[in-house]
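4 protein chains.
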Amino acid sequence: MVGYAFMGAAHSQGWRTAGRVFDLPLRPAMNAVCGRDATAVRAAARKLGWAAAETDWRQLIARDDVQLVDICTPGDSHAEIAVAALEAGKHVLCEKPLANSVAEAQAMVRAAEAALTRGQIAMVGFNYRRTPALALARRMVAAGRIGTLRHVRATYLQDWLVDPTAPMGWRLRREHAGSGALGDLGAHIVDLAQHLAGERLTGVSAVTATFVAERPLSDGGRGRVTVDDAALFTGRFASGALASFETSRAAAGRKNSLRIELNGERGSLAFDLERLNELSFHDQTEPADAAGFRRILVTEPDHPYLKAWWPPGHGLGYEHTFVHQARDLVQAIATGAPPEPSFADGLQVQRVLAAVEESAAKNSVHTPVPA
Amino acid sequence: MVGYAFMGAAHSQGWRTAGRVFDLPLRPAMNAVCGRDATAVRAAARKLGWAAAETDWRQLIARDDVQLVDICTPGDSHAEIAVAALEAGKHVLCEKPLANSVAEAQAMVRAAEAALTRGQIAMVGFNYRRTPALALARRMVAAGRIGTLRHVRATYLQDWLVDPTAPMGWRLRREHAGSGALGDLGAHIVDLAQHLAGERLTGVSAVTATFVAERPLSDGGRGRVTVDDAALFTGRFASGALASFETSRAAAGRKNSLRIELNGERGSLAFDLERLNELSFHDQTEPADAAGFRRILVTEPDHPYLKAWWPPGHGLGYEHTFVHQARDLVQAIATGAPPEPSFADGLQVQRVLAAVEESAAKNSVHTPVPA
Amino acid sequence: MVGYAFMGAAHSQGWRTAGRVFDLPLRPAMNAVCGRDATAVRAAARKLGWAAAETDWRQLIARDDVQLVDICTPGDSHAEIAVAALEAGKHVLCEKPLANSVAEAQAMVRAAEAALTRGQIAMVGFNYRRTPALALARRMVAAGRIGTLRHVRATYLQDWLVDPTAPMGWRLRREHAGSGALGDLGAHIVDLAQHLAGERLTGVSAVTATFVAERPLSDGGRGRVTVDDAALFTGRFASGALASFETSRAAAGRKNSLRIELNGERGSLAFDLERLNELSFHDQTEPADAAGFRRILVTEPDHPYLKAWWPPGHGLGYEHTFVHQARDLVQAIATGAPPEPSFADGLQVQRVLAAVEESAAKNSVHTPVPA
Amino acid sequence: MVGYAFMGAAHSQGWRTAGRVFDLPLRPAMNAVCGRDATAVRAAARKLGWAAAETDWRQLIARDDVQLVDICTPGDSHAEIAVAALEAGKHVLCEKPLANSVAEAQAMVRAAEAALTRGQIAMVGFNYRRTPALALARRMVAAGRIGTLRHVRATYLQDWLVDPTAPMGWRLRREHAGSGALGDLGAHIVDLAQHLAGERLTGVSAVTATFVAERPLSDGGRGRVTVDDAALFTGRFASGALASFETSRAAAGRKNSLRIELNGERGSLAFDLERLNELSFHDQTEPADAAGFRRILVTEPDHPYLKAWWPPGHGLGYEHTFVHQARDLVQAIATGAPPEPSFADGLQVQRVLAAVEESAAKNSVHTPVPA
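Note that the protein sequences, when read in sequence, are chains A, B, C and D.
Numbering-wise (the UniProt record's numbering), the first sequence opens with residue 1 and increments by one.
Numbering-wise (the UniProt record's numbering), the second sequence opens with residue 1 and increments by one.
Numbering-wise (the UniProt record's numbering), the third sequence opens with residue 1 and increments by one.
Numbering-wise (the UniProt record's numbering), the fourth sequence opens with residue 1 and increments by one.
Just chain A, with the same shape it has in the complex:
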């Protein structure tokens, strides 16, 4: 694993737990973690349960006891590490967004496709797909429970930048983060919207904003914010369905509020990450006098991933998405099946994000997403 901060801790929990809960065809071993600060990475290895620590990701890749490289670094290093790992014959799991640019993502897809012919798996970490409620939503859409799709509406709101005195940081600089709320949060809802809908966006129209132009530096000066605080966009699907997206880090009181709703001719589905064990479903085919959105508590053995966990009504949390991701990746490696979401899926999301930025720069004009 490369990187050991928030994402690194979450991934570690996933690797540590997956084989203890699910019956896996292969047993993951947490052999080495990598970070630039030798002292810190050794402490992290001890705390998180990695057998060894490295300070250079090239050394990590070179290790014989590493068959899978899990990339949890900021977006500007994804491409270089992932391509090198794939070329070195390793499987790769890469955090989202796949890269900071379409060009980087394209290079990663080429490397992944070549690697796949050698039996290597490359997966991008859109972990929310593994939330049982959203996996159930996908199953229900695929089974025709909502019929022809008309609308997708998705918001992903946080509030840690609503305070204008919150400090400057790398996530607010374009050169490191690629974009702001758009890449950090928007990438998730673009992926989910397309994954749940089972189809892709053909174009978008967008507006973005940076509400606070400068923020305090640790040295007492002020630094210029070069990414968006918020991005709003509409999207069109090939089928004619419409989508709306909004993401912001300045929505007071919304801590990690990812909401997504799909409306179809035969029904609707709605989800809220702050209540992640629930899925709302409206069945339009029921008699009107007894119809209504039902709150499915997604904790039944017949629900995705749930048979391995606790009895009905005993809910899961955020980190379980990483346990499920680890389980699905191990399954893919064992069977050689093409992984989902693939690097190609990650590239396509990147193309949507690029179209959003282009539209925002061109007065919101509708901007196609290349196929």
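By construction, these hints were calculated from the structure, which means they are not laboratory data.
Watch out, some of these pointers could steer you wrong.
One copy or two, it doesn't matter: identical chains are merged, so the pair holds either way.
[To be verified] Simulated pairs of lysine to aspartate or glutamate, DMTMM-like, Cα-Cα distance not exceeding 20 Å: (1) 307 x 278; (2) 307 x 328; (3) 47 x 37; (4) 307 x 23; (5) 362 x 289; (6) 47 x 23.
In this text the structure is predicted, and so the values were computed from the model without any measurement.
Given chain A's structure and the hints, the job is docking chains B, C and D onto it.
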């Protein structure tokens, strides 16, 4: 009153009740109702409690015992009736949207402004402003409880057109209705967004769709739908705040789902018409460990309109907005104060709707709203 | 109508509105209202829309233009007025609880039964039965949608006595009010539990409390509270189902929180008066992976009382229960059908309340409710 | 650890994770697990991550590398194992309810008190106390945020026995399980009510029921159910506050529905285990026009246990209570501080359960809980 269908019944309930609940400076008398079908209008007069029935709105306006004309007809007749009533020296209440075009609305504003100099009141029926929870929201925004505004997000969803076999009707023809979900539902959320924010939209970017192009006629044939089923648009305020709007009549399971949320630097407010006695408020200035969206049950004597009604916890319904509208209009007439919302407010909403349609026709490009 | 305070205003709204919304076989005329203070009752008559005012209820009953007497006074006068009115040949609507004692209620039932043979109707005002969502719940129970009943759980909580400095008043004196939260609020949930279940309680076990023993008088002194602040009791149905009840006026933040849930072998129903347009329904016969409590928005034309009101999604409020009560009473008078709930139903609730007080006085021992 | 079924898996997850998330003064080692079936326990050891497997709990206790014995067996073996382990000088964690009888629990308390003088810790597994939202609730009550307590109301409902054809099992036999819903679910809400209130119940009044008297055996016959399906009871606190409790395994649609609410003079708190990352708080001291139950998303670094986990808004699940339990137990062992909840706390809960059964057997008469 002209028209006696859904809106006419709701307005009648308002006129009948306002003086029984509030202490009004003037007592409204329900002297005459007007409709084209003589038998039907007489039955409506009897049922709804109007003393007389007319079949020609010109006759209604000509009556000496009519000082206020309440227009509840489809949008294509608003301008003619309202202008004539104002020129005849009557006060006017006109249902929203004010007109089917900006040009008609401009003529109405001119007539209203001339009439105001003669002490006549002209008000447009954006009744949802009179929901106590939304009146409280406006009061809290004005008092600075949410601080500098960052986001408004509003949706107004219904589902009576989600079934592709639902029949053709006048609301689906542009020549009568002006537009579809946009004018019917979108007008409300545009008015509310601006009213609550206390500022106006400067431009919009929009996409609209008609999901079902033809619908069955009563004669067995098929009629072409010439209005939108759904409209999605983003908007910008002069202050730099962003807005998102979505309205549809094809959102399965959403019966009359008007939701609006405002996020500011110091707090957030959220409202859902399906739970109209509640207002959600998050106070960002509270200590983080005890902060959260609170559900204010808007039934206290200190809440707008509530002192005249029931004890705390005894909720109101949809029609009360019309009782409050009647009360506020009577107050305005008695005091001669300029009414809110005025015809000029109605015209401005019309300009936003026109900009939405223009943007949708021009590949979603950002389209300014004339001041 | 006798009495013109809170209940009088609510009943007036019911009488004024019922014929304007529903097609009634008889048209109610609001001929006279009665109260002891001549000035105040005249003002109330003017405000609420009653043609005449009386200061002695005997005079009211003696009027030829009064065929129905609507009793909205405190409980200690119900029996005398109701019996006199029935003996004078009038129909009677009496607010709940029917009386302050079982003996009074028995006398009222005798008078009502005698009157029924003369074609007179006597109804007790358990208005919450007329909430569309609860009428729908009753319909679903009767249709077998929840199967054999196992549990009823009901709470009715308010908070206007949580403040120990809230003043003394007649509602806190046993000689006027009969009991405290028990008769005021508990009567409603006992009636609803039995009405929805379709069966009667056979016995109860109870505890009551008065948290604040003395309260300030307007003269600066302190008065002794002689009624309960709260009552908790369990109940048993003949079928073996169990019930739990809790009512309090000292539940901080609960303004008018009447909640009731029924669990049966085939499903469950849940209701919350603070969201009175909604009914929650769980269908236990559905596949487990798609089951869950659904929120039925009770605003469809097929729902009880709703065809006469607004389109789907346009909710009603508290006072509509009185409109529906007026409508049902007029229907009963026109058809001569035995009314529901009858005085006998009111007496039976009184017997439950008496058993609650007896159990509370006897160390909570299970106390039978006489049949 | 003794036992490796549902509770064993949950405890294993706790032991495996605690040191990876929290900075612990001691590192737990998962040295041995014990079960009667040699094959099954070896498989469980491999799956759950225990280094060795034993088939006799006496052997487990005899191991030198075992300093802490974690008892996850049915209630009828708790006393024997716990007393033996304590006498052998081990620390003990014992699942709830502490025992199947007061006598057994008393013996366990004696052993624990003797052991404490030797520096051994004995804790009972009321894990829900470690839910961050409930730990926050306790903190707020202790800080006086709800003032003098008036009401506690708690329900714990499941539905796996609502189906009358659900099979017989050991949990339905008194000799193994001690009681039914009462001990399994009721023990939790009794502990929580007292823990959150910060005071103990002085007496109870109860009714219990077994709705389905016989259930199918695996051999085709029918077995007699000798425990309760449901228990309802009221309780009194020394302070005069009242409590209501209801627990059932026959509440259709309620999967694991533990709800608890406290009302005090200055505020109220409410919790629902199905939404375990949320705590509702009403502050009665706020101005009435802005007051309401606020939904605190209990995911902030200042909330109990949360600094070690994820950023705000990223929720935890059921099993985290076991991680927190492991962490708190390790802290207690390292510091020698008396543990909470102690065996004495477990005994006191047992006394409440015994009083419930006694009251139910004596016509619900109020039954004191011995101090």
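Hint by hint, here is what the structure shows:
no., hint, verdict
1, 307 x 278, "within (16 Å within a copy, 25 Å between copies)"
2, 307 x 328, "within (15 Å within a copy, 29 Å between copies)"
3, 47 x 37, "within (15 Å within a copy, 35 Å between copies)"
4, 307 x 23, "within (11 Å within a copy, 32 Å between copies)"
5, 362 x 289, "neither (48 Å within a copy, 42 Å between copies)"
6, 47 x 23, "between (25 Å within a copy, 8 Å between copies)"
Hint compliance for this structure: hint 5 alone is broken.
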